[in-house]
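Peer 1: The chain contents come next:
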Amino acid sequence: MSSEHPILSSKLFRRGVHDCPLCATELASAAPACSRCGCKLEKLDKILGLEGPHLKAVMDLTQLLGGKNEAIQKQISLIERQFPQLALHSCIAPCPDGVQPTALAWWMLNRGQNLSHPTWAGLLLIDLKSSQVTFQMGYDLSTFINRQKLEALLSECGDWFSLGDYAGGIVNFFQEFHTLLKRSHRHALETEKMTFKTLNRA
Amino acid sequence: MKFSLIFLLLALTSCSKKEAESERTAHSEPAWDASFFSPKTGEILSYRETIESISPQKNLPISPDQIRKRVLKRRQVYDGSELIEGKTLHRYSIYHDGSFTEGFLFHWVNGFLYVVGSFTEDQKITFANPPIPIAHLNMIAGTYWHWPPQAPAGSGSRHIGLEQITVPAGTFDAYKVSIRKNTQGKITLREYWFAPKIGIVKEQNRIYSSGHLRVINTIELSDRSTSDTSDTSEEAPSEST
Amino acid sequence: MRISLIFFTLLMGLLSLPARERPLSFVSDPSFMLPEETRESLDLFLRTRSHKTQSEIFLLLEPLPEATADESKAILKDLGHSWSEKNWAIIAYRPGQINPPLIVAGGPLFKEVNPSAWEKEITTLQDLSLQSWQNTPDIDFLARKLSDSLVFFSQFKSATIQSLTKNRNEEFRKKYRSHKSKKALILTISTLSLLALGLLCFLSRKAYLAKRKMFFPETNWTSRLGAPHSGGSAAAQRFTPPSE
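Chains as they are written, first to last, in this note's numbering: chain A, 1 to 202; chain B, 1 to 241; chain C, 1 to 244.
Incorrect hints may have been included.
[What the hints assert, rightly or not] Using 16 Å as the maximum straight-line C-alpha spacing, the simulated EDC-like pairs for lysine to aspartate or glutamate come out as follows:
id : chain 1 : residue 1 : chain 2 : residue 2
1  : A       : K193      : C       : D78
2  : A       : K56       : A       : E70
3  : C       : K52       : B       : E52
4  : C       : K211      : A       : E80
5  : C       : K52       : B       : D173
6  : B       : K181      : C       : E71
Since the hints were derived computationally from the structure, they do not count as laboratory data.
Based on the sequences and whatever the hints tell you, model everything.
Peer 2: Take a look at the structure:
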């Protein structure tokens with residue numbers, strides 16, 4: 001795609017921020033551990049193990065989706081068809097005790113099996129215990145997605161969950177995420193174009 | 001004869017603007033178109049009338065000596081108009097060889113000129129049933145004037161067209177009208193030439209009965225005058241036997 | 001004698017085949033049946049009529065090749081069609097031929113008006129001409145009266161054209177209306193086609209966009225927290241659990 005051009009730093013496109021999955025402290029780049037809580041992946045490995053689950057598009061460990069997996073799968077396939085770099089997953093599962101949903105999702109993305117594009121992956125995790133929904137992204141994907149907009153989408157799908165329609169909420173999330181992706185892609189291309197223009201002038 | 005008189009009268013009848021009032025007249029009818037016809041009171045049209053006939057008993061073949069021929073002098077005098085039964089009717093008096101023969105009344109309505117009746121010397125009026133259309137303000141060739149319903153079935157006038165006709169009084173541009181009637185085996189062919197501003201300048205009637213031509217009556221305009229100063233002396237009818 | 005007469009008649013018939021040229025005079029009287037004055041007067045009358053109107057009458061005072069009335073009439077019709085482009089009639093008086101001696105054929109005008117009326121007219125005038133005081137049909141009378149009728153009928157057509165015009169106007173109005181409605185139809189179809197095209201373009205573009213593959217640019221990033229794939233970028237929200 002950009003073989004003719006130099007690879008740009010993610011900082012140019014940075015739209016999301018990196019937070020500690022445990023304490024939500026904003027992380028400095030290349031931090032080996034959280035400066036506040038000392039969080040690092042090894043710590044979670046000790047709790048959850050070194051091998052993560054096989055991630056699929058839909059993982060319904062609670063049987064709450066009511067057989068509507070196909071609709072979610074269809075929506076994810078649609079996005080992945082248009083954005084071949086991405087690998088999207090969804091999971092409804094009760095988090096283990098002492099593990100926050102954001103931490104679990106982070107661990108799953110890093111330790112999950114058969115990830116085709118792990119750094120372009122996204123995982124939507126719904127924790128019924130804490131009534132939280134989180135969307136974890138790989139390094140590459142998180143460069144282009146605005147976190148605030150993502151939070152708005154999560155809030156909206158949370159409304160669906162409140163009504164008990166988990167499948168509808170997940171489908172709705174991915175639909176809106178698809179739109180967000182397109183806008184983000186347009187923005188990214190514009191930024192790239194501007195950057196190369198500036199570089200060429202220089 | 002009677003029919004000839006009718007047509008002669010009709011010749012005098014044409015649309016005209018009635019402006020000068022005669023001592024008998026006070027009318028309020030729509031005026032005629034003076035450019036089409038405008039007789040003046042006392043105006044006289046003089047005609048030469050030729051009547052050829054055979055006796056009713058004669059059959060074909062007819063030898064020339066069996067054809068009777070008479071020539072008469074006819075005058076038609078426009079007497080003016082009169083209000084009769086709410087209508088303005090125009091009067092024409094017919095004189096044959098100086099003697100009053102008959103009078104005719106005509107009426108102008110909806111652009112048509114009709115013969116509506118006759119009167120005798122003692123002014124007794126008889127209304128015609130039906131009134132016969134004679135001329136129209138806007139005569140279009142190929143027009144067929146249907147006669148009123150009371151007329152014999154199929155009666156009507158055909159307007160042939162405008163053509164030049166030569167009579168003793170001169171050559172005129174006149175509208176030729178042809179009428180055909182068939183009443184109980186008696187066929188009458190009439191045609192007359194109506195010249196604007198003048199009236200009928202020529203007329204010919206053929207009467208057939210029992211499969212033979214019986215009468216040929218031809219009337220041709222010979223003179224026009226505007227006062228009663230024309231020759232009124234009687235002229236003995238000429239006959240050929 | 002009879003044979004000679006028959007031969008002569010046949011010869012005359014051969015000489016007067018239907019393909020003969022239009023005569024110079026309207027009165028063709030080789031045997032001088034009519035008095036000269038009558039012939040000239042009638043010729044002048046018919047010629048004047050022909051010039052002023054769309055009607056022509058031809059008089060043929062001569063024998064015709066065929067014997068029967070219908071055959072003679074057919075020949076006259078052929079002659080009339082070839083001689084005149086106007087409305088026409090031909091009167092043929094066939095001296096020496098008895099049944100019937102007088103044949104009249106008329107032109108094609110009246111099929112638009114009333115062909116039976118014309119035939120009736122011819123019959124009536126023929127009949128009246130035979131009732132003349134002469135021992136032979138009154139050809140002069142017949143020609144003049146027939147000319148009048150011909151003129152009248154041709155003009156009558158014109159006069160009835162008022163009704164025909166009215167009908168034509170009605171037809172024209174219908175046509176105009178249908179033309180107008182055709183126009184409206186064309187306009188509607190064009191508009192619908194444009195709309196359909198627009199819709200098609202829209203759908204095509206949508207389909208294209210749907211099938212189009214989009215790639216984000218590659219970037220350099222730095223790992224953190226010892227995580228190889230994800231550095232903890234996430235968004236989280238709480239939701240109200242559904243009521244039991």
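Peer 1: If a hint holds in the structure, say so; if it does not, say that too.
Peer 2: A quick look at each hint next to the structure:
1. A:K193 to C:D78: 93 Å, violated
2. A:K56 to A:E70: Judged against 16 Å, a Cα distance of about 12 Å means the pair holds.
3. C:K52 to B:E52: 32 Å, violated
4. C:K211 to A:E80: 11 Å, holds
5. C:K52 to B:D173: 14 Å, holds
6. B:K181 to C:E71: 33 Å, violated
When held up to the earlier numbered hints, the structure conflicts with 1, 3, 6 and fits the remainder.
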